[in-house]
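In the order they appear, the protein sequences are chains Y and D.
With the first letter of the first sequence counted as 1, position 74 gets the number 74 in our numbering; the numbers rise by one all the way through.
To convert, take the position in the second sequence, counting from 1, and add 1000; that gives our numbering.
Bear in mind the hints are in silico, worked out from the structure with no lab data behind them.
Think of the CB as a built atom: it goes at the ideal place given N, C-alpha and C, for glycine as much as any other residue.
Heads up, a few of these hints could be off.
Unchecked claim - Quick look at which bits of chain D chain Y covers, simulated, 3 or more residues with Cβ under 8 Å:
#, segment
1, 1061-1070
2, 1108-1115
Said to hold, decoys possible - With the Cβ distance kept under 10 Å, some of the chain D side facing chain Y (calculated, not the full set):
#, residue
3, G1016
4, V1019
5, P1105
What the hints assert, rightly or not - Derived DSSO-like pairs: lysine-lysine, alpha-carbon spacing no greater than 30 Å straight-line:
#, chain 1, residue 1, chain 2, residue 2
6, Y, K57, Y, K1
7, Y, K102, D, K1078
8, D, K1042, Y, K71
9, Y, K102, Y, K17
10, D, K1078, Y, K57
11, D, K1078, Y, K17
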Amino acid sequence: KNQVEQSPQSLIILEGKNCTLQCNYTVSPFSNLRWYKQDTGRGPVSLTIMTFSENTKSNGRYTATLDADTKQSSLHITASQLSDSASYICVVSARYGGATNKLIFGTGTLLAVQP
Amino acid sequence: EPEVTQTPSHQVTQMGQEVILRCVPISNHLYFYWYRQILGQKVEFLVSFYNNEISEKSEIFDDQFSVERPDGSNFTLKIRSTKLEDSAMYFCASTPLGLRGANSPLHFGNGTRLTVT
């Protein structure tokens, strides 16, 4: 069964600190892996997208890694800011042929950055 | 930067009533989607739409649901007879090239919060 598991479920850190969020997946056939940031009451916003051949991708203070062999990904946030407080969702795209892939969503990690 | 816009932001309706949720995808995008998120749960796929027809739908998207692109800009989700369990945040999303590539991020709107009483 295609699943995406994230850990931890929630995390509290102090402003300025770094943190790493984890994502494990059992999705086949794999197409790409996406990290989204979702502020409370808003739609998810794309942070990174990685294909099978990419090991790391950065977007400002966000760095995502992908190990396609172990089916694990991480999102590292450097020098956290209060505005980083949000839910971070790992989404894996499964290739089923045709024009439409299927996105499998994780339940997200709720990050709270405190002053 | 272009955005996916959704209206209304909040909709309260009584059980059994019909609701129409509206979305304006980004203008040069070709693939459109509806997702929903029940409070505290993960985002769930409802339906994808391409070339004026449904390309895929989930088991959630039963006969009570329908989608339409009535003109060149709007994309609507209709729930024919709402149930209490339809209460959720409904997100519209669009992408220019489908979901295969790394160059095709999915852009979400800010959602419509539907409350069925």
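Q: Could you tell me which of the numbered hints above are not met by this structure, giving the numbers in increasing order?
A: Violated: hints 1, 3, 4, 9, 10 and 11.
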